[in-house]
Structures are given as C-alpha cells and as structure tokens.
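Here the protein sequences come in this chain order: F and H. The numbering of the first sequence is the numbering used here, which starts it at 1 and goes up by one. The numbering of the second sequence is the numbering used here, which starts it at 1 and goes up by one.
Derived by calculation from the structure, the hints in this document are not laboratory data. All the given hints hold, so there is nothing to weed out.
Residues from chain H that face chain F, not an exhaustive set, calculated with beta carbons under 10 Å:
# : residue
1 : Ser42
2 : Tyr165
3 : Leu166
4 : Met235
5 : Ile238
Glycine included, C-beta positions come from ideal geometry on N, C-alpha and C.
So the chains spell out like this:
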Amino acid sequence: MEITFNNLTLIDNRSSSIEKKYLENINLDIHKGEIVGFLGDNLDVIGKLLLLIKRPNKGEIIIDNVSIKRNSHIDNINALRKKTGFVYTSIKNKFLENSVKKEISTTMKNYNYKVSNVTKHVSDSLRIVGLDDSFIDRDPNKLSSIEQKRVLLACVLSYNPETIILDSFFDGMVFKDIENFKKLFIKLKNKFGKTIIVLENNPSYLFNLVDKVFVINNGLLVLKGEKDIFYNDKLYKYVNIAPIVEFTKCVQAMDHNILEYTDIKELIKEIYRHVG
Amino acid sequence: MIVSYIRLKNVHFSYDETQVFKDLNFYLPKNKTLSIIGPSGSGKTTLLRLLNNEYSYDGEIDISGVAVTSENFNIIKRYISVVYDDNSFVKEIVKDEIRYSLENINVSPKEIKHVLKELNDFFSINKILNKAIDTLTKSDKMLVKILSYAVMKPSYLCIDGLLGYLDNRTKILLLNYLNYKDIILINVTSDMNDTLFTDYTLCLYNGISAIDGKTLDVFKEEKILRRLGLDLPFMIDISTQLQLYGLINKTYLNKETLVKKLWK
Chain F
1 MEITFNNLTL IDNRSSSIEK KYLENINLDI HKGEIVGFLG DNLDVIGKLL LLIKRPNKGE
61 IIIDNVSIKR NSHIDNINAL RKKTGFVYTS IKNKFLENSV KKEISTTMKN YNYKVSNVTK
121 HVSDSLRIVG LDDSFIDRDP NKLSSIEQKR VLLACVLSYN PETIILDSFF DGMVFKDIEN
181 FKKLFIKLKN KFGKTIIVLE NNPSYLFNLV DKVFVINNGL LVLKGEKDIF YNDKLYKYVN
241 IAPIVEFTKC VQAMDHNILE YTDIKELIKE IYRHVG
Chain H
1 MIVSYIRLKN VHFSYDETQV FKDLNFYLPK NKTLSIIGPS GSGKTTLLRL LNNEYSYDGE
61 IDISGVAVTS ENFNIIKRYI SVVYDDNSFV KEIVKDEIRY SLENINVSPK EIKHVLKELN
121 DFFSINKILN KAIDTLTKSD KMLVKILSYA VMKPSYLCID GLLGYLDNRT KILLLNYLNY
181 KDIILINVTS DMNDTLFTDY TLCLYNGISA IDGKTLDVFK EEKILRRLGL DLPFMIDIST
241 QLQLYGLINK TYLNKETLVK KLWK
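All chains, please: the whole structure from these sequences, using the hints.
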C-alpha cells in the first residue's frame with residue numbers, strides 16, 4: 001500500500017480553548033513493504049485517517065492513488081478500509097464479544113473475509129501472536145492488558161490487510177515480548193510485503209525494527225530520518241533518550257571513538273574491540 | 001511519618017476460572033519503595049487491585065497492621081491509592097481534576113490553594129493548570145493523573161505502568177515530590193531501568209513471587225529473569241556481560257565510572 005500525505009492539516013476545535021492540533025502541513029510518503037515509525041503524541045489520528053474515520057481539514061491523504069480530502073466523495077469506502085488493520089491502544093472492556101474466537105470471527109465477517117475453516121483460521125491467527133488454543137474460549141475483556149493487545153493484533157491479522165498500524169503497541173511489554181513481536185513484524189514485511197506503521201512515544205521500541213522514522217511534535221513534522229536518527233541529538237528534544245544511546249554518547253564524550261549501536265550485544269563487542 | 005509496611009501471607013486469588021495467585025507471600029519492610037515486575041499476565045495489576053481492596057481473596061494482606069478487607073475499607077483507602085493505566089479523568093480542566101481529588105477528602109479552599117502552589121513549585125504546573133486535559137501531551141496528561149492521586153497523600157501510591165509515559169525530567173521531579181511528601185512509591189513496570197528508583201523489587205510469576213528482595217539483589221538472578229522473558233536494567237546488564245568478558249569485576253551503576261574503568 002502506498003500512502004502519501006500532501007500538505008495535510010488536521011486540527012479539532014480550531015481557535016478554541018479545546019483546540020487539538022494533530023497534524024499541520026505534513027508532507028510524507030510511506031511505501032509498500034516499509035516499516036515506518038512515528039514518534040510523538042496523539043498519533044492514533046494517523047490510523048483514523050487511514051481508516052477514513054477522520055478527514056483532513058486541509059490538504060489530502062492519498063491511499064493507492066485515491067485522494068481523500070475534506071469533502072471528497074469516496075466510491076468504495078469499504079474496499080479502502082479493508083486495506084488497513086488498526087491495532088488501537090487496548091482499553092479495558094472494549095471487546096464486543098464474550099469469547100476470543102467470536103471476536104476474531106466477527107471481525108472477519110465485518111471485513112467480509114471468507115475462509116473454508118474458521119476454527120483453524122482463528123487458531124492460526126492466535127498462534128502467530130503468541131496465544132495458544134486455550135485462549136479460544138476465554139472472554140477477551142477478562143484478559144491481561146498485553147493479552148488483549150495480542151488478541152487485537154490477531155483480529156487484524158485474521159482479515160489479512162495490506163497495512164498494519166500499531167498504536168502504542170509495545171507499551172507495558174517485557175523484553176522478550178518486544179523482541180518476538182519485532183521479529184514477527186519484520187517477517188510480515190519481508191515475507192508478505194506488509195507495510196507496518198508503528199506509533200510510539202519511546203524510541204527504543206523502534207530500535208532494530210524500522211526503516212524510517214517521522215517525529216511529530218505539536219502537530220509538526222520536526223524531524224525525519226533512517227536508523228541513524230537514534231543518535232541524532234535533535235531527537236532528544238522530543239523524546240526520552242534510551243540508556244544505550246546515552247551510554248554510547250558518554251563514551252564518545254570521553255574521547256573514545258566507538259561506533260553507534262542500538263543492540264547491547266553489538267555494543268559489548270565494540271567495547272571489547274577497543275579495550276579487550 | 002506513619003510507619004508503613006505491607007505483608008502478604010498465603011494469598012490465593014482467582015478471577016472466575018482463572019487462577020492468578022496461589023500461595024503468594026511477600027513482605028515489604030517499613031518505608032521501603034517497591035517495583036513490581038513480571039511477564040505479561042503474571043498478575044501485576046491484579047496485585048494492585050487486591051492491595052486496593054477491590055476484590056476479596058483467600059489468605060492475609062495487611063498494610064501497617066490493618067487487614068485489607070471490606071470492613072477496613074475506610075482506613076485502607078487512606079493508606080493506599082492506585083493510579084491505573086487508563087485514560088479516564090473526572091473533569092475537563094487540569095485544575096478542576098486536582099481540586100476534585102482534594103475536595104473529596106474535605107481539604108479547605110485555602111489549603112487547596114497551598115497544594116496548587118506547591119505543585120507549581122515542583123512541576124511548574126501553572127502553565128497547564130487552566131488547560132483542557134484532552135489537549136495535553138501524553139506526558140503532561142499522565143502527570144496530572146498521577147498528581148490527582150498523590151495530592152491525597154496516601155501512605156502508598158501505586159502507579160500501574162504510567163511512569164514510562166513521563167519524560168525523564170518529569171519522572172525525576174515526581175520521585176522527588178513523592179519523597180518530599182513522605183509518599184511511598186509502588187511502581188508496576190515493564191522497563192527494568194525504572195526498578196533502580198525503588199528499594200525493593202518483587203517479580204511475579206505463575207501465581208507466586210519468583211524472586212523478591214532489595215532491587216540490586218533481585219537483578220543478580222539473571223538466569224531466572226531471562227527465563228521469564230525479562231531483561232536487566234541497562235547498567236546492570238552491560239556490567240554483567242562485561243564481567244563475563246573479564247573486562248571488569250563488579251557492577252557499575254554510574255556511566256562515567258564504568259567508562260573510566262574500561263579505558264583505564
């Protein structure tokens with residue numbers, strides 16, 4: 001899926017005390033098969049734009065050659081929506097069905113996605129996100145917050161969208177979960193050409209995952225770059241610095257010229273090459 | 001300051017058919033802060049719910065000698081406050097949200113003024129005080145949420161995963177504020193670096209405490225933690241691995257000291 005933002009502005013309740021500026025004059029491109037990270041606040045609006053839940057006030061978003069402006073009429077809105085799977089931030093008790101299986105099969109039905117064996121498809125979707133069959137009959141509203149995120153992702157994967165957008169997906173996950181999901185997303189990109197958009201506040205969640213990064217601050221695109229962005233000092237005006245970056249910068253500041261890594265194993269090898 | 005401790009003895013708890021705790025035992029000594037860690041679904045949030053008197057359970061939980069039971073609801077309410085990771089606020093404006101908390105515990109208007117002034121001294125909060133909560137950055141929003149509980153001055157303030165949303169500067173200010181107000185922090189976190197802010201750490205797994213104790217002692221159990229899918233705080237992680245390479249012989253928590261030791 002090809003996505004373009006063209007001078008896109010989206011502000012709610014303009015010029016009032018409750019004005020909320022999401023995006024202002026944004027120009028950017030996202031290509032098929034890329035993993036793109038966004039850092040900033042209120043980024044879920046990007047998912048809402050892709051799903052046509054929200055429209056720009058000014059400018060346009062172009063999804064596979066379809067231009068979406070404030071008032072443009074879209075012929076086949078459902079076909080367009082089907083292309084994007086939005087894993088929104090899990091909020092307790094947001095599931096409509098009382099079993100994980102029903103939740104996933106209803107999602108498939110809503111997107112008119114048909115398979116010959118629904119039970120097997122549900123089970124496969126769950127396995128991909130790290131849940132075994134014991135979850136099939138569980139009430140999704142009674143799962144832990146991370147298990148709920150897994151179910152939300154399974155729902156999205158079940159209808160095989162071209163683009164997957166993840167809102168604060170890694171928040172609250174422990175190291176191993178994060179590593180495993182990064183592996184999964186890279187596989188979805190490499191093997192199935194999926195476009196993956198990761199919305200986060202914490203840059204370390206994007207380490208060793210993304211192809212490019214956009215930083216949004218107060219609605220403006222203030223910084224963009226590729227992997228080297230994590231060592232760009234400008235980034236840390238907007239987000240917290242990760243300990244590995246802070247440490248490497250400390251070493252460099254003490255006049256030891258080491259290379260910049262975002263993986264601790266690589267960093268340790270680099271230190272060993274210098275002082276071992 | 002009230003002397004505060006927490007004791008959990010043979011705690012069993014299930015949601016419907018799902019068992020969360022089976023014979024959980026833990027003691028948090030007087031006036032010590034705590035991090036609660038563990039893999040997802042290990043009951044971190046559930047433990048806060050039990051401490052907060054939201055469910056009945058088997059076994060004993062007491063806070064400073066008072067049993068956590070529905071009969072003691074009003075006492076326990078003053079001992080403990082829990083800030084959950086949700087987006088719920090009562091009011092629209094920041095000032096009203098904080099005022100609402102204080103009015104709930106019958107704080108006088110004059111005293112409210114004093115509290116707001118104190119918050120401004122710590123957090124320069126005046127610049128957002130009259131703003132709509134919905135228009136704030138996530139970091140400010142979560143700070144407001146935490147403060148609306150902290151101003152009620154519970155003995156223990158439990159924070160469920162919210163510290164990770166704060167920017168680093170605000171996080172330090174908050175820790176200083178809690179310390180100044182004699183509020184003991186209990187922090188649920190998936191970021192192991194944040195455990196270094198607390199005296200003790202409790203790692204939950206499979207219904208029991210997998211490891212607990214002083215934070216630095218807990219992270220000596222690298223093998224167990226890794227098996228549970230957890231990592232170590234960065235400085236402990238790098239120190240531990242550099243020791244395996246024989247480059248240093250102990251853990252350094254300070255970056256500069258470690259660098260000096262390595263490039264001696």
